[in-house]
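Peer 1: Chain order of the listed sequences is S and B. Residue numbers 600 to 881, in our numbering, belong to the letters of the first sequence in order. Residue numbers 600 to 881, in our numbering, belong to the letters of the second sequence in order.
Hints should not be assumed to be uniformly reliable.
As the list claims (entries may be wrong) - Straight-line Cα separation of at most 27 Å, BS3-like style, residue types lysine-lysine; simulated pairs:
no. : chain 1 : residue 1 : chain 2 : residue 2
1   : B       : Lys649    : B       : Lys700
2   : S       : Lys706    : B       : Lys880
3   : S       : Lys810    : B       : Lys732
4   : S       : Lys732    : B       : Lys706
5   : B       : Lys649    : B       : Lys605
6   : S       : Lys708    : S       : Lys681
7   : S       : Lys792    : S       : Lys810
8   : S       : Lys732    : B       : Lys700
9   : B       : Lys706    : S       : Lys708
10  : S       : Lys732    : S       : Lys614
11  : S       : Lys792    : B       : Lys732
12  : S       : Lys700    : B       : Lys732
13  : S       : Lys641    : S       : Lys700
14  : B       : Lys620    : B       : Lys607
15  : S       : Lys653    : S       : Lys620
16  : S       : Lys708    : B       : Lys732
17  : B       : Lys708    : S       : Lys880
18  : S       : Lys706    : B       : Lys732
19  : B       : Lys732    : S       : Lys681
20  : B       : Lys880    : B       : Lys622
21  : B       : Lys641    : B       : Lys653
22  : B       : Lys838    : B       : Lys641
23  : S       : Lys732    : B       : Lys810
24  : B       : Lys792    : S       : Lys792
25  : S       : Lys838    : S       : Lys653
26  : B       : Lys732    : B       : Lys681
27  : S       : Lys732    : B       : Lys792
28  : B       : Lys810    : B       : Lys641
29  : S       : Lys880    : B       : Lys706
30  : S       : Lys732    : B       : Lys708
31  : B       : Lys706    : B       : Lys880
32  : B       : Lys880    : S       : Lys708
33  : B       : Lys708    : S       : Lys708
34  : B       : Lys681    : S       : Lys732
35  : B       : Lys708    : S       : Lys706
36  : B       : Lys732    : S       : Lys732
Unchecked claim - Which stretches of chain S does chain B cover? Using the computed rule of at least three CB atoms under 8 Å from a CB of chain B, they are:
no. : region
37  : 727 to 737
38  : 779 to 790
Calculated from the structure, these hints are not laboratory results. All C-beta atoms, glycine included, are put in the ideal place defined by N, C-alpha and C.
There are 2 protein chains.
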Amino acid sequence: MSEILKGKPVAEAIKERCIAKMKDLADRSITPTLALFRVGEKQDDLSYEKGIGKCFDEIGIAIRRYVFDIDTDPEELYRAIKDANDDENIHGILVFRPLPKHFDEEKVKALISPQKDVDGCNDLSLAGIFMNKDLGFAPCTAQAVMEILHHYRIETSGKKAVVLGRSLVIGKPVSMLLLNEDATVTVCHSRTKEIETAASGADILVCATGKTNSIGPSYFNEHQTVIDVGIGFDPIRNKLCGDVIFEEAAGFVQAITPVPGGVGSVTTAVLASHVIEAALKR
Amino acid sequence: MSEILKGKPVAEAIKERCIAKMKDLADRSITPTLALFRVGEKQDDLSYEKGIGKCFDEIGIAIRRYVFDIDTDPEELYRAIKDANDDENIHGILVFRPLPKHFDEEKVKALISPQKDVDGCNDLSLAGIFMNKDLGFAPCTAQAVMEILHHYRIETSGKKAVVLGRSLVIGKPVSMLLLNEDATVTVCHSRTKEIETAASGADILVCATGKTNSIGPSYFNEHQTVIDVGIGFDPIRNKLCGDVIFEEAAGFVQAITPVPGGVGSVTTAVLASHVIEAALKR
Numbered sequence: 600m601s602e603i604l605k606g607k608p609v610a611e612a613i614k615e616r617c618i619a620k621m622k623d624l625a626d627r628s629i630t631p632t633l634a635l636f637r638v639g640e641k642q643d644d645l646s647y648e649k650g651i652g653k654c655f656d657e658i659g660i661a662i663r664r665y666v667f668d669i670d671t672d673p674e675e676l677y678r679a680i681k682d683a684n685d686d687e688n689i690h691g692i693l694v695f696r697p698l699p700k701h702f703d704e705e706k707v708k709a710l711i712s713p714q715k716d717v718d719g720c721n722d723l724s725l726a727g728i729f730m731n732k733d734l735g736f737a738p739c740t741a742q743a744v745m746e747i748l749h750h751y752r753i754e755t756s757g758k759k760a761v762v763l764g765r766s767l768v769i770g771k772p773v774s775m776l777l778l779n780e781d782a783t784v785t786v787c788h789s790r791t792k793e794i795e796t797a798a799s800g801a802d803i804l805v806c807a808t809g810k811t812n813s814i815g816p817s818y819f820n821e822h823q824t825v826i827d828v829g830i831g832f833d834p835i836r837n838k839l840c841g842d843v844i845f846e847e848a849a850g851f852v853q854a855i856t857p858v859p860g861g862v863g864s865v866t867t868a869v870l871a872s873h874v875i876e877a878a879l880k881r
Numbered sequence: 600m601s602e603i604l605k606g607k608p609v610a611e612a613i614k615e616r617c618i619a620k621m622k623d624l625a626d627r628s629i630t631p632t633l634a635l636f637r638v639g640e641k642q643d644d645l646s647y648e649k650g651i652g653k654c655f656d657e658i659g660i661a662i663r664r665y666v667f668d669i670d671t672d673p674e675e676l677y678r679a680i681k682d683a684n685d686d687e688n689i690h691g692i693l694v695f696r697p698l699p700k701h702f703d704e705e706k707v708k709a710l711i712s713p714q715k716d717v718d719g720c721n722d723l724s725l726a727g728i729f730m731n732k733d734l735g736f737a738p739c740t741a742q743a744v745m746e747i748l749h750h751y752r753i754e755t756s757g758k759k760a761v762v763l764g765r766s767l768v769i770g771k772p773v774s775m776l777l778l779n780e781d782a783t784v785t786v787c788h789s790r791t792k793e794i795e796t797a798a799s800g801a802d803i804l805v806c807a808t809g810k811t812n813s814i815g816p817s818y819f820n821e822h823q824t825v826i827d828v829g830i831g832f833d834p835i836r837n838k839l840c841g842d843v844i845f846e847e848a849a850g851f852v853q854a855i856t857p858v859p860g861g862v863g864s865v866t867t868a869v870l871a872s873h874v875i876e877a878a879l880k881r
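Next comes chain S alone, as it looks inside the complex:
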């Protein structure tokens, strides 16, 4: 039976480290604070916001919510982000994306100052990941993958890591994070031929294709660690699921993250750790 790499203990360990750092901040009379920008009332955003609220409460991180109607003049959002950049009592800025179409998302990402870009969407934050240089923060989900590997002491150095997906939110940054930790990294995508051959040769397989329930036995080997970044909905079984057909992997591979309860449950704790780091760097 495969080891199930649950996210919860990883998140708990991150939160404990966060709480330990809160003392330093309290000594300096700093309350770490996230400015959270939401446009509209999308269900995904609301449940992520709820998760952040719960996690941040436990640690003692403050949240300032900026909520805009879906038909708000984009300039209002841009101005509010600029104000949050300038406000020294705000340490991190998170804007829920995707934004409605009349907002210029590229502009929004560029507006957030890299020091406060706690979800690593800014060009300079991503440049830092690429260059392995401390310019900003990694996207939280990409870093959550690394946190899981670290927590469960899964060696990356010299290991073959195959990443399925090349998005700027997951695929590319997680590839660079793995490379920075000395894995031999292969990036596969929709144009890759013989993708199963590549995947099944991996020691660590990171699945971020966005295609629900699409990755089956031909992608696996029995010594493999499978990290499933996908999150989708299976209408037949009426439940959340990942990119991986969990039942077909779970008895076979060495270790696998579940969905839900895997990568997704670590992301919010990573976000918290970024807000605290940003506050400590002030």
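With the hints as your guide, set chain B onto chain S.
Peer 2: Only chain B this time, still in chain S's reference frame:
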């Protein structure tokens, strides 16, 4: 016998495209101009400078040389770069590196404005490569690899590309450029295990290890295109050579770049094309 992918015809084709664009610039009374910064009299720098001079003369690109003694106060260099940033008659800036140790190379790279960073060393230039976004220019050598592949119509989409080396000058950017053109990319490095197995499975093998004459038959297959980015000196045979043991590859693989006369001979033409692009964007 392998096809020898000579750099010269690639460079000539790039130069022709440059010359075609000079007319547009002449119509706007613009002389594309490179500011070239050299500290000391290193042989490598001098011969690169000579090559640039010859190539740029042919096209009609002007060069302003800024030469500093090796014991110059670094502030003088920094100030001169800032002035070149502000000078609207200068379109590209190139600083020969590595600089002597008392210069802050990170600072120098950050000083050059991305619009003028024609050798892609700035954080934002590299972020552009990573994000596949038009933020600046690619490092010339990394792009020279792609120019060779394009010129000789070597398909990248869906092909397995293996890059040996993960430096910020070659390995990482060329990996991203290949990924942006739909190759399935594996990045190998000093910690990679079974590197020959990975390399010999590649359709396109890019060698940028910096280890002269180190890549032999176990890295190859007969359908492979080998791009040798290395440049070193073989003291026994008293001649320049690459990372690849050329004699052992040349009869076996599908196609290979020679050293000298391969990638290196394309780099200067790529630099010229960047200066012209920068001038056109003004």
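Peer 1: Now tell me if each hint is right for this structure.
Peer 2: Hint by hint, here is what the structure shows:
no. : hint                   : in the structure
1   : Lys649(B) to Lys700(B) : 24 Å, holds
2   : Lys706(S) to Lys880(B) : 21 Å, holds
3   : Lys810(S) to Lys732(B) : 25 Å, holds
4   : Lys732(S) to Lys706(B) : 13 Å, holds
5   : Lys649(B) to Lys605(B) : 21 Å, holds
6   : Lys708(S) to Lys681(S) : 11 Å, holds
7   : Lys792(S) to Lys810(S) : 17 Å, holds
8   : Lys732(S) to Lys700(B) : 20 Å, holds
9   : Lys706(B) to Lys708(S) : 25 Å, holds
10  : Lys732(S) to Lys614(S) : 25 Å, holds
11  : Lys792(S) to Lys732(B) : 25 Å, holds
12  : Lys700(S) to Lys732(B) : 20 Å, holds
13  : Lys641(S) to Lys700(S) : 14 Å, holds
14  : Lys620(B) to Lys607(B) : 20 Å, holds
15  : Lys653(S) to Lys620(S) : 18 Å, holds
16  : Lys708(S) to Lys732(B) : 13 Å, holds
17  : Lys708(B) to Lys880(S) : 24 Å, holds
18  : Lys706(S) to Lys732(B) : 13 Å, holds
19  : Lys732(B) to Lys681(S) : 23 Å, holds
20  : Lys880(B) to Lys622(B) : 15 Å, holds
21  : Lys641(B) to Lys653(B) : 19 Å, holds
22  : Lys838(B) to Lys641(B) : 19 Å, holds
23  : Lys732(S) to Lys810(B) : 25 Å, holds
24  : Lys792(B) to Lys792(S) : 23 Å, holds
25  : Lys838(S) to Lys653(S) : 23 Å, holds
26  : Lys732(B) to Lys681(B) : 25 Å, holds
27  : Lys732(S) to Lys792(B) : 25 Å, holds
28  : Lys810(B) to Lys641(B) : 21 Å, holds
29  : Lys880(S) to Lys706(B) : 21 Å, holds
30  : Lys732(S) to Lys708(B) : 13 Å, holds
31  : Lys706(B) to Lys880(B) : 25 Å, holds
32  : Lys880(B) to Lys708(S) : 24 Å, holds
33  : Lys708(B) to Lys708(S) : 23 Å, holds
34  : Lys681(B) to Lys732(S) : 23 Å, holds
35  : Lys708(B) to Lys706(S) : 25 Å, holds
36  : Lys732(B) to Lys732(S) : 20 Å, holds
37  : 727 to 737             : holds (count 6)
38  : 779 to 790             : holds (count 8)
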